[in-house]
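Peer 1: Each chain is listed here by its residues.
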Amino acid sequence: MESLKLNISGMARYRGREGQLSFILHRLAGLGTLLFLAIHIVDTATVYFFPSLYDHAIDIYRSTPFMIGEIILVFCIIYHGVNGVRIAIFDLFAPDRWNIETQRITAQWSLALAVILWLPAAYLMGRSLLVHNFGL
Amino acid sequence: MTTQTEQMRTNQVSPQGGYESWAWKWMRYSALLLIPLAWGHVLIQDVLVGVHSIDLDYVAMRWASLGWRVYDFLLLSFAFAHGVNGLRQVLNDYIRQDRTRRRVSWLLFLLWIVISLIGAAAIVGGVRVP
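Here the protein sequences line up with chains A and B, keeping their order. Under numbering that gives the first Met the number 0, the residues of the first sequence are numbered 0 to 135, in order. Under numbering that gives the first Met the number 0, the residues of the second sequence are numbered 0 to 129, in order.
For reference, chain A alone in the conformation it holds in the complex:
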C-alpha cells in the first residue's frame, strides 16, 4: 500500500511527458480490457452452463452506461494494440532505436493513429446507442 501511494504521488510529479503518458495509458487500457475480458468470458459461458441467463446478461450490456463503457473499451483495445505494436516492433526488430527523440515522436503518432481508428467506430456505436436507447 505504501509503495502504491508513493507510486501515485510520484506519477503526478514526474514529468516524463509522452513516454510516461503512453506508459500509464497503456497499462490502464490493458487492465481495463482484462477486467472486461474476464467478465465477458464468464457471461458468454452462460450459453452452455445457464442458457436462460444469457439474455439477461446481454440486457445489461444494452443499458446506456454499459454502451458508453463499450465505446471507451473499444478505444482501450485500439490504443493498447497500436502502442503495443510500437513497443513490440522496437523491442524485437529495432532495439537500438529506443531513444528519447524517436520514442517521443512514435508515442505521439500511436495516440493519433488510435484516435483516428477509433472515431469511425465510436460514431457507429454512438449512433447505435442513440437509435436503440433514445429512439432517434
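Take these hints with a grain of salt, some might be off.
Every beta carbon over 10 Å from chain B, so not counted as near; a handful from chain A, in silico [unchecked claim]:
#, residue
1, Tyr13
2, Arg16
3, Gly18
4, Leu20
5, Trp108
Simulated DEER-style distance windows between Cβ atoms [unchecked claim]:
#, chain 1, residue 1, chain 2, residue 2, range
6, A, Arg12, B, Tyr57, 44 to 54 Å
7, B, Ser104, A, Arg14, 26 to 36 Å
8, B, Pro35, A, Gly15, 30 to 40 Å
Quick caveat, the hints were computed from the structure, so don't treat them as lab data. Treat the numbers as computed from the prediction; the structure is a model and nothing was measured. Where a beta carbon is used, it is the ideal one built from N, C-alpha and C, also for glycine.
With chain A fixed as given, assemble chain B onto it according to the hints.
Peer 2: This is chain B only, laid out in the frame that chain A set:
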C-alpha cells in the same frame, strides 16, 4: 547524460533466458497475433453487429461454423493469457517481497486456469437450448 545513454546502447548484454525472458518475448509475439484476432472480434461484434442484435440464437448461429469456434478459442487462449501475464507484470512493479510475489503469481495462475476452462467448455459444448 547523453554519454551514459550511449554507453548503455553499446554495452548490450544478452538476457539470461529462463521463464521471465520467455514470458517477455511471448507477450510481444502474442500481441502481434492479437491485433487481427481481437480487433476483428471487436469490429464485427461491437461495431458492426452491435449488442442489440446479439442473443442466444446469434451465438448458436455463429458457433454453427467450426471456423468461428476455432477463432474464438484462439482469441480466448491468447487474449486472456496475455492479459493475466500483463497483470502479473504490473503487480510485480508494486510488490517488493518475493514471497508475496510467488503467492500472487499462483493466485493469478489459478484464476487464469479456472476462467480459461470455463470459456473453453462453453466453446466446445456450444449453445444449449434453455
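Peer 1: For each hint, tell me whether it holds in the structure or not.
Peer 2: Here's how the hints hold up against the structure:
| no. | hint | verdict |
| --- | --- | --- |
| 1 | Tyr13 | holds, 14 Å |
| 2 | Arg16 | holds, 15 Å |
| 3 | Gly18 | holds, 14 Å |
| 4 | Leu20 | holds, 17 Å |
| 5 | Trp108 | holds, 16 Å |
| 6 | A:Arg12 - B:Tyr57: 44 to 54 Å | holds, 49 Å |
| 7 | B:Ser104 - A:Arg14: 26 to 36 Å | holds, 33 Å |
| 8 | B:Pro35 - A:Gly15: 30 to 40 Å | holds, 31 Å |
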